[in-house]
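Enquirer: Turn these sequences into a full structure, and let the hints guide you.
Protein sequence lines correspond, in order, to chains U and W.
Numbering-wise, the first sequence is residues 0 to 322 according to numbering that gives the first Met the number 0.
Numbering-wise, the second sequence is residues 0 to 324 according to numbering that gives the first Met the number 0.
Hints are computed from structural coordinates only; laboratory data are not their basis.
Computed from a prediction, not measured in an experiment: that's the story for all the values here.
Treat the hints loosely; a few may be bogus.
Taking lysine to aspartate or glutamate pairs in the EDC-like style, the calculated list, with each CA pair at most 20 angstroms apart, reads [what the hints assert, rightly or not]: (1) K50(W) to E7(U); (2) K105(U) to D164(W); (3) K33(U) to E23(U); (4) K2(U) to E307(U); (5) K135(U) to D20(W); (6) K151(W) to D202(W); (7) K50(W) to E23(U); (8) K50(W) to E133(U); (9) K320(W) to E225(W).
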Amino acid sequence: MQKLERKELVDLLRQMLLMRRFEEKCAEMYAMGKIGGFLHLYIGQEAVAAGAISVLRPDDYVIASYREHGHALARGCDPRKIMAELFGRADGLCKGKGGSMHLFDKTHNFLGGHAIVAGQIPIGTGAAFASQYEGKDQVTLCFFGDAAVNQGVFHEALNLAALWHLPIVYICENNRYGMGTAVERATPVRELYRRAEAYGMPGETVDGMDVLAVRECVGSAVERARRERIPSLIEAKTYRFRGHSMADPGTYRTKEEIEREKQRDPLVLFRDYLTAEAMIKESDWKVLEKEIRVTVEEAVRYADASAEPPVEWLCTDVYVSER
Amino acid sequence: MAIITYREALNQALREEMRRDPRVFLMGEEVGLYQGAYKVSQGLLEEFGPKRVIDTPISEAGFTGVGIGAAMVGLRPIVEMMTFNFALVAIDQIVNQAAKILYMSGGQYNVPMVIRGPGGPAHQLAAQHSQSMESYFYHVPGLKIVRPGTPKDAKGLLKSAIRDDDPVIFIESELLYGTKGEVPDGDYTIPLGVGDIKREGRDVTIVAYSTMLLLALQAAEELEKEGISVEVVDPRTLRPLDTELILESVKKTNRAVVMESGAGFGGIGTVIGEIISEQAFDYLDAPVERVTGANAPTPYAKNLERAKIPSKERLIAAVKKVLAV
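Expert: Here it is, written out as structure tokens:
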């Protein structure tokens with residue numbers, strides 16, 4: 000990978016900070032009852048989406064699970080429209096019909112948030128299939144959690160991708176728990192990237208708390224997919240600082256463990272790295288914080304001002320003819 | 000008009016649509032080299048090559064999902080289920096993804112794909128290979144369900160299904176592949192959601208599709224000899240359902256028998272019966288009668304299988320019951 004200029008590095012930091020502050024605001028809005036349903040926060044995992052998506056071109060595809068606010072933001076989706084979607088409003092990305100778990104944005108080739116664990120893996124594979132079919136050099140990034148590797152379609156999709164040489168990079172975000180079930184309680188082979196061996200595709204693991212390491216690793220895999228049509232499986236080792244959703248009893252892990260993991264907060268690590276490298280100063284950070292605060296407040300204002308979807312929309316978008 | 004088999008009609012539809020639109024491709028188990036488990040895709044590999052006629056491993060959920068993703072970004076996949084029973088392996092992809100993506104995305108991403116293959120009872124294939132799968136799918140908003148009974152309908156409806164912008168479940172029948180019928184020359188389509196009066200009559204309406212349609216036509220012929228005039232309505236697509244056509248016929252005959260090969264409990268007959276009762280109650284001279292498969296898995300033994308599936312005799316008895324003769 001090419002070494003990043005200062006501006007690009009600061010952009011990455013800005014993006015991670017946006018994810019963090021945006022979602023902290025989401026938690027607040029959830030507590031206020033402005034966001035309903037299931038809300039799965041990405042806090043702690045920001046380096047994965049930020050680093051991985053930073054290597055893509057605008058015409059590449061991204062698909063993710065239901066914990067996808069960060070991926071949507073990293074892809075460039077409008078924070079205002081995401082917040083409006085979370086509020087269930089007409090100006091939301093999906094007109095308020097999708098909600099937190101189903102963010103889609105065609106203008107950014109963001110193929111959605113999918114809420115059946117692993118359900119998006121064959122679909123992302125299909126996007127890669129289409130790129131190959133049409134002779135285009137696009138790449139698909141397909142994100143999922145550690146629990147998804149135990150679903151049948153994970154196996155089916157990776158087998159097909161390897162068999163057909165599809166330009167896709169599978170990114171398993173191993174945050175160590177599928178809801179409340181630790182990886183070691185779900186599969187005997189804990190090195191999830193080794194699943195790649197079964198399909199004869201490259202499998203790698205990367206520190207998912209290190210945004211530049213993720214960028215480097217995914218960057219090589221994306222180039223491999225784009226130039227040589229070799230799919231890859233990357234396991235990004237990360238940790239979710241918040242509960243699985245907003246209703247998480249926290250019975251399956253200790254406070255000490257969470258505190259320990261927070262010592263490797265990807266946002267803090269990257270900020271400290273850039274500070275140590277003299278790329279940013281304390282004052283730059285303050286400016287960034289302020290800028291992001293404005294963006295997030297603006298998103299909330301926009302969502303608040305947006306109307307509820309009219310009841311006439313209930314039965315539209317079921318079929319194209321009734322769109 | 001040429002007389003061809005149902006199988007040939009489907010093959011022509013696939014061939015013509017693949018010639019017409021390079022975005023259309025066929026994917027499934029044994030569709031290429033093997034020439035199709037039921038020979039529906041015979042010769043397509045030779046004409047279109049392995050890029051567009053794609054043999055898959057036995058991976059229904061996986062390749063159905065691949066079809067969905069490809070459809071979302073602009074291709075028009077035709078996914079073949081060797082038999083529709085295997086679609087249950089892919090039902091999450093079909094119901095949770097294909098059917099809902101347009102809605103969840105607020106209208107941004109549509110899924111123009113066809114999932115097709117044979118379904119319903121055949122000859123002694125036993126419980127896991129003889130189910131009428133339409134009932135698993137017609138409940139789902141976002142899916143369209145096609146159940147053609149004749150070569151002409153099979154071709155015209157498949158062409159429409161391939162051109163449709165929504166996911167279409169297209170269920171053929173092992174028992175119909177070898178049946179023959181007249182098919183119009185040249186390019187023609189039959190719109191989804193438009194039923195067809197397969198036989199006009201005055202005294203009673205039979206609603207039947209797929210293999211049950213053939214049974215209904217035979218029964219109508221026999222009843223004619225007894226002086227009973229039967230109208231046979233073939234809905235052809237179950238969703239959207241041509242309720243107008245069914246209601247018009249019932250309003251004319253004042254009596255209705257609804258047929259289906261699958262188990263009766265929760266079957267399509269309950270839906271059609273309810274529509275008739277709700278919207279044509281004042282026209283009915285007798286309660287709607289249903290002739291359905293037994294509420295049991297399909298057995299292997301010949302005699303038991305015969306008892307499981309609706310017969311012409313049971314249909315004739317039902318017609319006489321609504322006529323009180």
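Enquirer: Does each hint fit the structure? Answer for all of them.
Expert: Hints, verified against the model:
For the proposed pair K50(W) and E7(U), the alpha carbon gap of about 40 angstroms is over 20 angstroms, so the pair is violated. For the suggested pair K105(U) and D164(W), the alpha carbons sit about 17 angstroms apart, so the restraint of at most 20 angstroms is met. A C-alpha spacing of about 14 angstroms is found between K33(U) and E23(U), which places the hinted pair at or below 20 angstroms, so the restraint holds. This hinted pair does not check out: K2(U) and E307(U) have alpha carbons roughly 46 angstroms apart, beyond 20 angstroms.
Distance check on the hinted pair: K135(U) and D20(W) sit about 18 angstroms apart at the alpha-carbon level, within 20 angstroms; holds. Distance hint between K151(W) and D202(W) is unfulfilled; the C-alpha atoms sit about 27 angstroms from each other, more than 20 angstroms. Of the pairs offered as hints, the one joining K50(W) and E23(U) is violated, with about 48 angstroms between alpha carbons and a cut-off of 20 angstroms exceeded. A hinted pair counts as satisfied when its Cα atoms are at most 20 angstroms apart, and K50(W) with E133(U) qualifies at roughly 10 angstroms.
Note on K320(W) and E225(W): the hinted pairing holds, with a Cα-Cα distance of about 14 angstroms set against a maximum of 20 angstroms.
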